[in-house]
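Letter by letter, the chains look like this.
Protein chains: 4
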Amino acid sequence: MSLARSAPDVVRSAYAQLAVTDLPKSRWFWVDLLGFHVQYEDATSLYLRGTDELTHHSLVLRQGPLAALEHLAYRVRTPLDVDRAEKFFTELGLPVCRVPAGQGTRGVGDAVRVVDPLGFPVEFFHEIDRAERLIQRYDLHRGAQVARLDHFNICTADIPAAYAHYTSLGFGCSETIEGDEHELYAAWMYRKQTVHDVAFTGGAGPRLHHLGLATHESHQVLRTADILGALHEERYIERGPGRHGVSNAFYLYLRDPDGHRVEIYTSDYYTGDPDHETYRWNVHDDRRRDFWGNAVIESWYKEATPVLDLDGRQQPTIDANLDESAVHVGADGLG
Amino acid sequence: MSLARSAPDVVRSAYAQLAVTDLPKSRWFWVDLLGFHVQYEDATSLYLRGTDELTHHSLVLRQGPLAALEHLAYRVRTPLDVDRAEKFFTELGLPVCRVPAGQGTRGVGDAVRVVDPLGFPVEFFHEIDRAERLIQRYDLHRGAQVARLDHFNICTADIPAAYAHYTSLGFGCSETIEGDEHELYAAWMYRKQTVHDVAFTGGAGPRLHHLGLATHESHQVLRTADILGALHEERYIERGPGRHGVSNAFYLYLRDPDGHRVEIYTSDYYTGDPDHETYRWNVHDDRRRDFWGNAVIESWYKEATPVLDLDGRQQPTIDANLDESAVHVGADGLG
Amino acid sequence: MSLARSAPDVVRSAYAQLAVTDLPKSRWFWVDLLGFHVQYEDATSLYLRGTDELTHHSLVLRQGPLAALEHLAYRVRTPLDVDRAEKFFTELGLPVCRVPAGQGTRGVGDAVRVVDPLGFPVEFFHEIDRAERLIQRYDLHRGAQVARLDHFNICTADIPAAYAHYTSLGFGCSETIEGDEHELYAAWMYRKQTVHDVAFTGGAGPRLHHLGLATHESHQVLRTADILGALHEERYIERGPGRHGVSNAFYLYLRDPDGHRVEIYTSDYYTGDPDHETYRWNVHDDRRRDFWGNAVIESWYKEATPVLDLDGRQQPTIDANLDESAVHVGADGLG
Amino acid sequence: MSLARSAPDVVRSAYAQLAVTDLPKSRWFWVDLLGFHVQYEDATSLYLRGTDELTHHSLVLRQGPLAALEHLAYRVRTPLDVDRAEKFFTELGLPVCRVPAGQGTRGVGDAVRVVDPLGFPVEFFHEIDRAERLIQRYDLHRGAQVARLDHFNICTADIPAAYAHYTSLGFGCSETIEGDEHELYAAWMYRKQTVHDVAFTGGAGPRLHHLGLATHESHQVLRTADILGALHEERYIERGPGRHGVSNAFYLYLRDPDGHRVEIYTSDYYTGDPDHETYRWNVHDDRRRDFWGNAVIESWYKEATPVLDLDGRQQPTIDANLDESAVHVGADGLG
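Protein sequences, first through last, are from chains A, B, C and D. Reminder that position 76 of the first sequence reads as 76 in the numbering used here, one-by-one numbering, no gaps. Reminder that position 6 of the second sequence reads as 1006 in the numbering used here, one-by-one numbering, no gaps. Reminder that position 72 of the third sequence reads as 2072 in the numbering used here, one-by-one numbering, no gaps. Reminder that position 262 of the fourth sequence reads as 3262 in the numbering used here, one-by-one numbering, no gaps.
Just so you know, the hints here were simulated from the structure itself, not pulled from any lab data. Among the hints, a few may not be true.
Listed next, the in silico BS3-like pairs over lysine-lysine satisfying Cα-Cα at most 25 Å (straight line) [said to hold, decoys possible]:
id: 1; chain 1: D; residue 1: Lys-3192; chain 2: D; residue 2: Lys-3087
id: 2; chain 1: B; residue 1: Lys-1087; chain 2: B; residue 2: Lys-1192
id: 3; chain 1: A; residue 1: Lys-192; chain 2: A; residue 2: Lys-302
id: 4; chain 1: C; residue 1: Lys-2302; chain 2: C; residue 2: Lys-2192
id: 5; chain 1: D; residue 1: Lys-3192; chain 2: A; residue 2: Lys-192
id: 6; chain 1: C; residue 1: Lys-2192; chain 2: B; residue 2: Lys-1192
Quick caveat, the model's predicted, so the values are computed rather than measured.
Take the sequences, apply the hints, and build the full model.
This is the structure we're talking about:
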């Protein structure tokens, strides 16, 4: 993989930091229901990780006035790659902010935060505290038994620009949704050897579409929905369960108490070979979004989480030109 | 259990006989996809059973000019109960026809066929040929790996009348859907020790809503949908997968090449205790039809299979007064 | 099914009452690990039921000086069948004791307790308190997520006598293990429509071999073992997981803190047809005890729980003539 | 990851080439039972791949006079890495053989074959033909539904030497089994982001212990065993199913018709972080080999496949000093 000279060597999508408006309610959702392990908590924040994760957190929830994405974070291979990230985004003329260890997110070392070309607040870091191994602590696994953060899915008005930006960061592309003239409706891009670390959904952006969380088997996805039904809280279920055409994963979409969307996701495939080819779905194939042809829910296409800038103010959004949800195919689309 | 004096002692829902318009296509659907075992076949008929079934068939498909239900069949406890059935329906003044062994459905002994008070063609029989045990022939299990027929679901315009008729035949009632004044929207009734042998869906009737087929585990239900997606035949999937509120079963609804509806169904509960109580769902609980609150598909409420009379002519239907699909609850209902 | 005139109409195996020597440790095992719901508890007893059970309990644990079976209990169809049971065992010249409601086991109405011809303390009752429906309370399902008591397995020195006794009580026989001359090594007998309510293992008796508890799917069986490994309490696992040849169920055998054996059991088949045939395994088929040919553990054949008489004294045991564990077949047997 | 200067950049364990003595019997085992897809076959060879594999093969079976390992093969990142491999092993003074495209294994480009310091025949290649994507061809998935080759497990007399060699090739170490003085009994090493591409079992070597094949979920592992039981071919099952302590995978060990061992393996964890730490098991923890404490089968420790040299002659073996199977722990060990 040949990277542009100054691009940082990204290892994987590492964590997301979300502002939530009612922390105890969020704790119920993410800890009790989804089964995240609480690595640290205080009156205004929660640091969470899945059962397979060996670093300090993959999700930070902070009490705030507005439900929003504070930042996405990627882990890079070496401390030097943090410097590379700083230089890379500075040269692009974008807002960049160095965050020394101890001044940023708990557990994370020296970091740099930027607003990327798509308008997203993104952190790059190398150092992060280790955490006790819980992989085999089955006695502690609860609810959805979430194993690890798998990916970010972001809304952006300009999918080709998103694709170009992440390509410049050295990401490979596993799958796309394309029109008849190969106009790009969506793309799935990876650094680690799975289908994606980040994917792009067309729509007003920058907004966070969802966080993807991996479980080991499909019965854990079903159990998540069953618990919500049991509690008569089935309104937290937005879409699914179903099988994605793209990625082949079995999915369930939930909305947390603030409306942040989360995907419980299981079973994609290996992408680590150097010549791994992009698999291209035509936007008229109604299996692309649901392999079984079930219709997509309108809110799933239309709603998303606002994002903040480096000073904590809400970023304005730009509308998209190309609207996948307007493509009417079988049961799918909202045309 | 106190039965009306002349009621036959019904053991269970035993088989359905369907007319199909393209037998080879039906064979693909029921045998290759669902995994039914072919017990007998000739140019115009297929006799099928699930992997756990020890009698000759639980489904008969016959080539015919019109896709329709020829009859439902219940097994009764003794040969004498066939006589009881004859007397029971004769006394009700309904069409009754004795079918000696060898003149009716292959594999079935002496039987009686009636048009029941709801307008359905129904057979009662005791004797049926045994078949080789395939329960542990995992090497032969294919596709959905259907284990056995579980139940019939029928559309009728008058749910209380259906309830009264099956009560008079000694059926227990496991669950209902009821309005605020206990008006009956739907009921699930059983003789064997599961949630049902027969259930009633409100709507124009007599029509067959679906056949319910049991599998052992939920992954077999998911695989059925996956195979259809793989073949780009996802249009055969009508609804689901999902968890029913009523019955607690995990379900997937398919339509066969003629539009006959089939439910792949797994995991309900034991109902064999003598004082087993009816569990009553309010029609405004959006979990009754899908425990996860997913909307019901319109065709699922509206479409069904016509039924024939004892002479093979299509029965006319009567419209329902009470329409569950008009009750708008959350995502559910079609109001 | 023709019953001897005075035989009570047994509905199903209903509950077991065990003496345990350390109630808090037993509570950890049966409640925290296996997921039984506590219906009632006090300083010296625990009344437990599975998630699908609608009656007061299926297991009673009582603090006692000796780990033992106090009694097995069968539910009968009507109050009259309690009288029939009293008469049936009295006529056999066996110890019989009437236990009026309120004087016996909590939640159970009028009952009769007997020592049966095999030396087992057995209760027959009809009335039992109802309990809140937890079938769909997925939020409360824990550990093994045990759904219901499925069966008793008892050790007896004389299998043909056990078979004859339960036949006289109207039980059907689903499966047997037999020698080349049809000498009976083991049998599985039922009243409800599953493979068994009671089974017999050859060996010194009367002793309780195990209680069989049903779960819905195989992943719940695996999770039970995983939790024990996680706690480094894997010594509670005695045998399995595996697939039984007999019954076709997926199994895991545990020993509770007192050594009482419990089987986590999933997925057998329907036996409710009036002419259901016995399936006969030859003792030389090494798949009979484990369908995958894995060897049986010696303790599984040799160890079992002592039983008490109606006065709470330990019953003496008689050794068996025929020893299945001495039949050496492939990996199986202990010859 | 800092590599020794001349080490090739290995991507992953890529394929194994085995000599088998009865190709039709092997075809039944690997294709019909395990579900490998046949990419190419002729009278004396079979080229196979799993459902998720996008390259020409991950297993080659060739008819031969002796059941043996012909070679293991690793894919390297670039064509230049093939040259690096040649130089690396030449500098070590080991047998090295360049195999131009078209002269070696079908589908594979320019390659180099070596005998490594442990005595194993190993191929390094970069180019390999692509193959049609079958990931979502659920209609073609059969038997065990094997998704992909996961790892090689090799027997060697000198575990520290094996560890040192693979470390020099840039492999990370996910887990070990160690004695009280940290003497190394076994190690699991990786290049791709899973628990391993290669592992070492102490014993006479060089021999191939097993090939590890990944499936997506545990029910597919159980189905494999069920099919063997159904065919009364349960003798092909050697050990399991069980949960490994090491790797946390759910496993089943089979022996093919020639005795080549194969592991059906599902669900380990991500190891791609740059500072991923080795997890060390003490040899006295009886959960290391089976997390549930089930005993290891003697043949599993003792038997393995002989390996050939570059001229196709059987390599002699050297006995091990340290014998893990002699460590008696609980049910484990064979002491």
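Next pair to validate is C:Lys-2302 with C:Lys-2192; report whether the Cα-Cα distance is within 25 Å.
Cα-Cα ~29 Å, so violated.
Worksheet item: Between A:Lys-192 and A:Lys-302, does the CA-CA distance stay at or below 25 Å?
Response: Since the Cα atoms of A:Lys-192 and A:Lys-302 sit roughly 29 Å apart, the hinted pair is violated (cutoff 25 Å).
> Is the straight-line distance between the alpha-carbon of B:Lys-1087 and that of B:Lys-1192 25 Å or less?
Replying inline: holds (23 Å)
Holds or violated: C:Lys-2192 to B:Lys-1192, with C-alpha atoms at most 25 Å apart:
holds (10 Å)
Quiz prompt | Holds or violated: D:Lys-3192 to D:Lys-3087, with C-alpha atoms at most 25 Å apart | solution = Between D:Lys-3192 and D:Lys-3087 the Cα gap is close to 23 Å, so the pair holds against 25 Å.
What's the verdict on D:Lys-3192 and A:Lys-192, does the C-alpha distance respect the 25 Å limit or exceed it?
Answer holds: D:Lys-3192 to A:Lys-192 is near 10 Å, not above 25 Å.
In terms of the numbered hints stated before, the structure departs from hints 3 and 4, listed from lowest to highest.
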